[in-house]
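> For reference, the chains in residue letters:
2 protein chains.
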Amino acid sequence: MTSKRIYRAALLVIGDEILSGRTHDKNIAQIASWLQVQGIRLTEVRVVADDMDAIAEAVNALRTKYDYLFTTGGIGPTHDDITVDAVAQALGVPVVLHPEAHAILADYYKDKEGGLTEARLRMARAPEGSGLIPNAMSGAPGIRHGNIYMMAGVPSITAQMLAALTGTLEGGAPLLSETVGGWIKESEVADLLRQTEKAHPDCQIGSYPFFREGRTGANFVVRSTEADKLAACMDALCAGLAARGFAFTRGGI
Amino acid sequence: MTSKRIYRAALLVIGDEILSGRTHDKNIAQIASWLQVQGIRLTEVRVVADDMDAIAEAVNALRTKYDYLFTTGGIGPTHDDITVDAVAQALGVPVVLHPEAHAILADYYKDKEGGLTEARLRMARAPEGSGLIPNAMSGAPGIRHGNIYMMAGVPSITAQMLAALTGTLEGGAPLLSETVGGWIKESEVADLLRQTEKAHPDCQIGSYPFFREGRTGANFVVRSTEADKLAACMDALCAGLAARGFAFTRGGI
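Protein chains in written order, with UniProt numbering: chain A, 1 to 253; chain F, 1 to 253.
Just chain A, same shape as in the assembly (with noise of 0.2 Å):
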């Protein structure tokens, strides 16, 4: 039996790069589709610039909302890497050398050029009361401090940090999906969407258009925690295309 009740996180991107559109961003997508598998929903994203008050206010408003804040950005070493400062101004704490992570790092650079300088040992300071994410790939480790979750910037190491989190944050009931689509306006067959809906409580369909080689088409996505339901949704929907006359993909275009 899987619990009713819904998780749902927030995630907090903090970075002048995507604001200015030099970056695209890569984490949203990776962890919304994480999330997903452990069966808690992303409900909101914000992104704002690398500005203490700015991170602090979204952390406070973000955290108290949600079951879990996840954040990107803004752990590295230099100086534009405020997270940890500005998730301890939110929290009301001080920023503390975390010993765990001191060791870590003092072990990940011990051969390296250099070896643990002022600017790396920057990376082992957290939030006072915090635990850590294991980094496999590059040293530096994320930051849990309660329902708070500090991850890279970096995709490839959010990634890491990600796997390194599977399984171990409660969740409820995945959100399923299936999808179907055609070289199909939505306009078209808005009303089936409508009604199809309305005939499948706990069902929710997404059209989302598209335009690719100069033709016009849409996928339609069912979501349900429930499998059976979902797929009897999914069977009225095609149906309905069907008796419309339009051909369809099921698994989408």
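Source of the hints: derived by calculation from the structure; they are not laboratory data. Hints may be right or wrong, so weigh each one.
Just some of the chain F residues that point at chain A, by a computed CB distance under 8 Å [said to hold, decoys possible]:
(1) Ser33
(2) Thr78
(3) Ile82
(4) Ile253
Keep in mind that this is a model prediction, so the values were computed, not measured. Note that beta-carbon positions come from the ideal geometry of N, C-alpha and C, so glycine has one too.
Chain A is already provided as a structure; the job is to place chain F on it using the hints.
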């Protein structure tokens, strides 16, 4: 002479498909880059689900805090397109059928199969008091109400709407940037970055590490609204890198 006032914008991305990880958002980077050219800084982004209250709450938080609010998604013909209703709720105004949008859609669909159906007519609904944002691609216009700009979720349509808005928004001096990069561990130059930024007021230096081809590198981005200060800061940074024996490439790697 350029204005010293800094104009700031927020972006609200609306859509379950982003929060589920199904769709990788492209509008954040696209709108961020466009705003840079308009002399407007994207200062905050939020992503929320297709949920009336979540959208309305974010709209009111962001429209009052920033000079401009852009939204993407939820202005199509289907039941899950509720941006217009949510913005109207946030503003406390009714939703009306916009006569000009109605005329545009009637013309666009007059030769198309099915004609202007009830579902398609949904795309002529707008919060009372709205203006339109032209959409050369697919008929249905974007909607403007005060400082709120409601745009499409499909990135290619949003691009058309941005093109129509180019040069029409009041902005300040654009934020200029220059990049230098190399196979440099950011932790080895953290002090240099901090000192250089401190010595050059009105400039910010961002450090963006990456892992490629099994190697560690970083790009350093200097930003300023003043070209001469930007150049001086970049020269100082490059001189510092050279003095420390690092190879680097102006423009970034």
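> All hints are to be evaluated individually against the structure, with a verdict given for each.
Comparing the hints with the structure gives:
no., hint, verdict
1, Ser33, "holds (3 Å)"
2, Thr78, "holds (4 Å)"
3, Ile82, "violated (12 Å)"
4, Ile253, "violated (14 Å)"
Taken one by one, the earlier hints fail for this structure at numbers 3 and 4, listed in ascending order.
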